[in-house]
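Student: Each chain, written out:
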Amino acid sequence: MSDRAYRVRVGTSAILLLLLGALATILSVIYTSSVTAFIGLGMIFWGAILAYIRPDQSVSASLLNATANPALSTLNQTLNELDYNGKPVYLPPKYLNSPDETKIYIPKSKDTPLPTPEQIQNLESQTPSRNPEGLLLTPPGAELARLFEKTLGTNFTRTDLDYLMKNMPRLMVESLEIATNLEIVLGTAKPPEPAKDPAPQEGEGHDKIRVRITDSIYEETSRETDQMTRIHGSIGCPLTSAIACAIARSTGRPTIITDEKTSDDGKTKEAEYQTYAEAI
Amino acid sequence: MNYPLGFWDISLLLAVCALVLLVTSELLSPHYGRTRIKINKNRLKNAALTVSILFLATVALRIVSILIGP
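If you're matching them up, the sequences are chains A and B in order.
Just so you know, the first sequence maps onto residues 1 to 280 in my numbering.
Just so you know, the second sequence maps onto residues 1 to 70 in my numbering.
Isolated chain A, as found in the complex (with noise of 0.2 Å):
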């Protein structure tokens, strides 16, 4: 059944259940009758209870990665193109005029080193061809990130590490349903299993994180972006992107994506990411 379909049998449902109600409690009135009226009370109750939660709008899975797959297979083709080799580093707001602004700088080569942020401030408005030592772009998830924002009602740039592990798993899961688990771990030690709770661990201090998704809504495009080879492990897909995009602005430091890896069945995706204190 289509969404809009889904919609329109819940309100006529809840309508129906309205009317009946109301009719019961009218007959209650009319013939006295206390059975009559909790049935009629009953039917208004559960008809509003289903008219007030009726789905928002939504989008199916297939429909979100259809559309977000060949923006990324453009972005892959063209940096295969243009032979940009080094390693995408996440900038954080110090290093481009706007604070609300995530971009990524990806080197010519793995030798290029990463510009100071006046210098990368600078090449925000040039074109990439007058800049051929490294190209700035905007990561695909950029906007996800600021919805990620937008929901936990904060800026992630006046938060800190601490801040996301407690937040996001719950952000991820409850408020945005993207995933049905998500782990964050600090240092160098490997998630934990799923069926243990993750040690609560301090954020100071660490500049390796690892991420375990769960079961996202993402599978299909993740999926795909393992066969991109100047995507995986480097810009990553929407989600690992997202989460790259919220690192780098929330301890202030460039971020880079180190490892990404899907399990076989697709149903886990871990990530590994790296902070630098200074230029790279």
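Read the hints as simulated data drawn from the structure, not as lab findings.
In this text, all values refer to a predicted model and were calculated from it rather than measured experimentally.
It is possible that part of the hints are untrue.
[What the hints assert, rightly or not] Just a few of them, taken from the derived set where beta-carbon distance is under 7 Å, the chain A residues facing chain B:
id, residue
1, Ser28
2, Ser34
3, Leu41
4, Met43
5, Phe45
6, Gly47
7, Ile49
8, Leu50
9, Ala51
10, Ile53
11, Ser62
12, Tyr163
13, Glu174
14, Glu177
[As the list claims (entries may be wrong)] Calculated Cβ distances over 12 Å to all of chain A for the following chain B residues:
id, residue
15, Asn42
16, Ala60
17, Arg62
18, Ile68
19, Gly69
[Stated by the list, open to error] Computed cross-link-like contacts, BS3-like style, restricted to lysine-lysine with a CA-CA straight-line distance of at most 25 Å:
id, chain 1, residue 1, chain 2, residue 2
20, A, Lys261, A, Lys110
21, A, Lys166, B, Lys45
22, A, Lys87, A, Lys110
23, A, Lys94, A, Lys110
24, A, Lys108, A, Lys150
25, A, Lys87, A, Lys166
26, A, Lys267, B, Lys38
27, B, Lys38, A, Lys261
28, A, Lys94, A, Lys108
29, A, Lys150, B, Lys38
30, A, Lys166, A, Lys150
31, A, Lys208, A, Lys94
All residues carry an ideal CB built from backbone N, CA and C; glycine is no exception.
Fit chain B to the given chain A structure using the hints.
Tutor: Chain B alone, transformed into the frame defined by chain A:
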């Protein structure tokens, strides 16, 4: 023509509805990995809490009436 239900009948109805809504809200919580169910779970949770508070208000009224009653 009198309305056949009294205050305590409504309280009973609220109790039953609150119970059903609270249990449903908990069972459908995305916290248990149920993220593909097409209902607005935040609204369901709000409705469950509201009905529960209404029921508790009727209980509070009952307690007050016992305490200050003859």
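Student: Compare the structure with each hint and give your call.
Tutor: So, going through the hints one by one against the coordinates:
1. Ser28: holds, 6 Å
2. Ser34: At 4 Å from the nearest chain B Cβ, Ser34 of chain A passes the 7 Å test, so the hint holds.
3. Leu41: Holds. Min distance 6 Å.
4. Met43: violated, 11 Å
5. Phe45: Result: holds, 6 Å to nearest chain B Cβ.
6. Gly47: violated, 12 Å
7. Ile49: holds, 6 Å
8. Leu50: Violated - the Cβ of Leu50 of chain A stays beyond 7 Å from chain B, reaching only about 9 Å at its closest.
9. Ala51: Cβ of Ala51 of chain A sits 10 Å from chain B, so the hint is violated.
10. Ile53: holds, 5 Å
11. Ser62: violated, 13 Å
12. Tyr163: Because about 20 Å separates Tyr163 of chain A from the closest Cβ in chain B, which is outside the 7 Å limit, the hint is violated.
13. Glu174: Holds, because the Cβ-Cβ distance from Glu174 of chain A to chain B comes to roughly 5 Å (cut-off 7 Å).
14. Glu177: holds, 4 Å
15. Asn42: violated, 8 Å
16. Ala60: holds, 21 Å
17. Arg62: holds, 19 Å
18. Ile68: Its Cβ never comes within 12 Å of chain A, the nearest being 28 Å, so this holds.
19. Gly69: holds, 25 Å
20. A:Lys261 with A:Lys110: holds, 22 Å
21. A:Lys166 with B:Lys45: Cα-Cα ~22 Å, so holds.
22. A:Lys87 with A:Lys110: Satisfied, since the Cα-Cα distance of roughly 7 Å is no more than 25 Å.
23. A:Lys94 with A:Lys110: Roughly 23 Å separates the two Cα atoms, so the pair holds.
24. A:Lys108 with A:Lys150: Roughly 34 Å separates the two Cα atoms, so the pair is violated.
25. A:Lys87 with A:Lys166: violated, 29 Å
26. A:Lys267 with B:Lys38: holds, 21 Å
27. B:Lys38 with A:Lys261: violated, 30 Å
28. A:Lys94 with A:Lys108: holds, 22 Å
29. A:Lys150 with B:Lys38: Distance ~22 Å between Lys150 of chain A and Lys38 of chain B Cα, so the pair holds.
30. A:Lys166 with A:Lys150: holds, 17 Å
31. A:Lys208 with A:Lys94: The hint holds at about 21 Å.
Going through the hint list in order, the structure does not satisfy hints 4, 6, 8, 9, 11, 12, 15, 24, 25, 27.
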